[in-house]
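Just need the whole structure built from these sequences, with the hints factored in.
There are 2 protein chains.
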Amino acid sequence: MAVYTEVSDDDLARFLERYDIGTLQSFKGIAEGVENTNYVVHTTAGTFILTLYEKRVATDDLPFFLGLMEHLQQHGVSCPLPVRDNEGRQLNELCGRTAALITFIEGFCVKRPKPVHCAEAGRGLARLHLAGEGFKISRKNALGPTDWRPLFEHFEKDADSISGNLRAQIESELDWLEDIWPTGLPTGVIHADMFPDNVFFLGEELSGVIDFYFACNDFLAYDLAICLNAWCFEDDYSFNVTKGRAMLSGYEEIRKLSASERLAMPVLCRGAAMRFLLTRCYDWLNTPEGAIVKPHDPVVYLRRLRFHQRVDTIADYGLHD
Amino acid sequence: MAVYTEVSDDDLARFLERYDIGTLQSFKGIAEGVENTNYVVHTTAGTFILTLYEKRVATDDLPFFLGLMEHLQQHGVSCPLPVRDNEGRQLNELCGRTAALITFIEGFCVKRPKPVHCAEAGRGLARLHLAGEGFKISRKNALGPTDWRPLFEHFEKDADSISGNLRAQIESELDWLEDIWPTGLPTGVIHADMFPDNVFFLGEELSGVIDFYFACNDFLAYDLAICLNAWCFEDDYSFNVTKGRAMLSGYEEIRKLSASERLAMPVLCRGAAMRFLLTRCYDWLNTPEGAIVKPHDPVVYLRRLRFHQRVDTIADYGLHD
Numbered sequence: 003m004a005v006y007t008e009v010s011d012d013d014l015a016r017f018l019e020r021y022d023i024g025t026l027q028s029f030k031g032i033a034e035g036v037e038n039t040n041y042v043v044h045t046t047a048g049t050f051i052l053t054l055y056e057k058r059v060a061t062d063d064l065p066f067f068l069g070l071m072e073h074l075q076q077h078g079v080s081c082p083l084p085v086r087d088n089e090g091r092q093l094n095e096l097c098g099r100t101a102a103l104i105t106f107i108e109g110f111c112v113k114r115p116k117p118v119h120c121a122e123a124g125r126g127l128a129r130l131h132l133a134g135e136g137f138k139i140s141r142k143n144a145l146g147p148t149d150w151r152p153l154f155e156h157f158e159k160d161a162d163s164i165s166g167n168l169r170a171q172i173e174s175e176l177d178w179l180e181d182i183w184p185t186g187l188p189t190g191v192i193h194a195d196m197f198p199d200n201v202f203f204l205g206e207e208l209s210g211v212i213d214f215y216f217a218c219n220d221f222l223a224y225d226l227a228i229c230l231n232a233w234c235f236e237d238d239y240s241f242n243v244t245k246g247r248a249m250l251s252g253y254e255e256i257r258k259l260s261a262s263e264r265l266a267m268p269v270l271c272r273g274a275a276m277r278f279l280l281t282r283c284y285d286w287l288n289t290p291e292g293a294i295v296k297p298h299d300p301v302v303y304l305r306r307l308r309f310h311q312r313v314d315t316i317a318d319y320g321l322h323d
Numbered sequence: 003m004a005v006y007t008e009v010s011d012d013d014l015a016r017f018l019e020r021y022d023i024g025t026l027q028s029f030k031g032i033a034e035g036v037e038n039t040n041y042v043v044h045t046t047a048g049t050f051i052l053t054l055y056e057k058r059v060a061t062d063d064l065p066f067f068l069g070l071m072e073h074l075q076q077h078g079v080s081c082p083l084p085v086r087d088n089e090g091r092q093l094n095e096l097c098g099r100t101a102a103l104i105t106f107i108e109g110f111c112v113k114r115p116k117p118v119h120c121a122e123a124g125r126g127l128a129r130l131h132l133a134g135e136g137f138k139i140s141r142k143n144a145l146g147p148t149d150w151r152p153l154f155e156h157f158e159k160d161a162d163s164i165s166g167n168l169r170a171q172i173e174s175e176l177d178w179l180e181d182i183w184p185t186g187l188p189t190g191v192i193h194a195d196m197f198p199d200n201v202f203f204l205g206e207e208l209s210g211v212i213d214f215y216f217a218c219n220d221f222l223a224y225d226l227a228i229c230l231n232a233w234c235f236e237d238d239y240s241f242n243v244t245k246g247r248a249m250l251s252g253y254e255e256i257r258k259l260s261a262s263e264r265l266a267m268p269v270l271c272r273g274a275a276m277r278f279l280l281t282r283c284y285d286w287l288n289t290p291e292g293a294i295v296k297p298h299d300p301v302v303y304l305r306r307l308r309f310h311q312r313v314d315t316i317a318d319y320g321l322h323d
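One line per chain: the protein sequences are V and E, in this order. The first sequence begins at 3 in the numbering used here and counts up by one. The second sequence begins at 3 in the numbering used here and counts up by one.
Be a bit skeptical, because a hint or two may be false.
Identical copies carry no separate label here, and so any pair may be met within one copy or between two of them.
[As the list claims (entries may be wrong)] The list that follows gives simulated cross-link-like pairs (lysine to aspartate or glutamate, DMTMM-like), each with its CA atoms no further than 25 angstroms apart:
# : residue 1 : residue 2
1 : Lys142    : Asp181
2 : Lys296    : Glu56
3 : Lys113    : Glu95
4 : Lys159    : Asp195
5 : Lys30     : Glu56
6 : Lys258    : Asp299
7 : Lys142    : Glu72
Please keep in mind that the hints were generated in silico from the structure rather than gathered at the bench.
Following this line, the structure appears as structure tokens:
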């Protein structure tokens, strides 16, 4: 949520000479992105987002993320398009940082999604899954089931300071998940972080999906489980089955879930809740006081996990045959 | 440099209903403004800046600042225009803050102004001075000569921690300035903070002046002295007389300086250097470590003050008859 690297007019003008995108009209640092510096750039050719990848961000995966955005955009997904420079490069250097220029997407995220937004998000996710087919690069999920226990071990001794008995609860859930985690479900490119703040709307219509920096190859249905967690719970921790039904039906309008995916949904939802519970616990315990970016409350995901533990079938999420 | 107040899509949509500026397309919090929260807002009618005045900002003067921007804009100055709502109001409430919507100005500030930019800034300042005539509201300069000593007294005991002997240097300079400060120079509305980061250019042409939150009524030539300080020194503390000449000549193309203004310029420059030396010292000593906004180095203005102390006439700044 900050501009870590200040770019001067001279730096930017020199950088833009590499691109065929008109003349610079204005640029403003924006308070978006937890780990990178972002500017909104107006040129005579349109509006763009300039991202400078800060030094602590691993740049090895950038060709995957940017290549994926280009692939998806070319296959009909509304997402930012990385602009290639006059030599065909998506990445350049600016102020000692790796930098990329992407097209600006109009629209804004919805703080309190309604069922109609959940349906659109479901359709958008399914479109993304279909469009991802044929993308040539692959990337392992760095926060998949095998990464959960090592992550937990980083903070398990402090876990109970977040919530009483949290350590034991995570431990037994991890044991269970490791035993029961499905194999053989349809895989492909997943967004892996399609929270409401990464989906833009204009009115009730989805106008774009952003932030592909967790995208990877994994079970497609796991991506949907992440979205059920992120979109369909209320502030009082209750699951809104109307939103769940909207999201699942929206998804199935574009891509039908297989029988095994339907069967696995409760487990996948528990896994998705675990993944965000773990990273939020870690961030909660490792964010210095007074940091610019306030960590998210992990307890939200503990409560969601508990809901999923009582779920029997995908019908409990709102999907009936 | 931060978004202190987060505005949701619902909040903003409700707020925009008061205005006749089309439909919301997107909004992004920008890292500008030390004390306020700012968003760039795209609507179907254009681009705007939304400012939320944070609670520690005195809102009593806002009608002066916003009224002045409107007056100047209507009299040919390129500056943001506060948008009036359907009931004619420039100020409304949003998320518990007083908020205003102003037009977006294309252009960007120049980190290293060239003489051509200094000439444009001089012309722009003179235009602003002429356009300010007839503006009905007035505002006392809250950082004028009579405010300097009380401000100094807030930190004088710590002054020498900034630079050896600083306390005595400020004290004797204040004695001198209080004795010699001119009276009877032409007065009017001044910007009072027209630093390079408050002036936008497109190419070599001034496209807009922003940030009127220090504007007040004072000697017009004092405003020019502030600009000579802010635009015409190099990083090595030397005065660039080519830039000084460009700025003064540019100013005089639009508004001739009187004989008394010319005579007073060295004193006014010393006063302007003192004003920024004092506020920078105060901020330097009162900014908590790790604050988002890093304070400016006060020593820069001590060095500029020393230059002015050796100046005899306005010719030393580059202006000859």
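So, going through the hints one by one against the coordinates:
1. Lys142 / Asp181: within (21 angstroms within a copy, 74 angstroms between copies)
2. Lys296 / Glu56: Both: 19 angstroms inside a copy, 19 angstroms across copies.
3. Lys113 / Glu95: between (35 angstroms within a copy, 20 angstroms between copies)
4. Lys159 / Asp195: neither (27 angstroms within a copy, 54 angstroms between copies)
5. Lys30 / Glu56: For Lys30 and Glu56, both the intra-copy (17 angstroms) and inter-copy (20 angstroms) Cα distances are at most 25 angstroms.
6. Lys258 / Asp299: Neither way: Lys258 and Asp299 sit 34 angstroms apart in one copy and 62 angstroms across, limit 25 angstroms.
7. Lys142 / Glu72: within (19 angstroms within a copy, 56 angstroms between copies)
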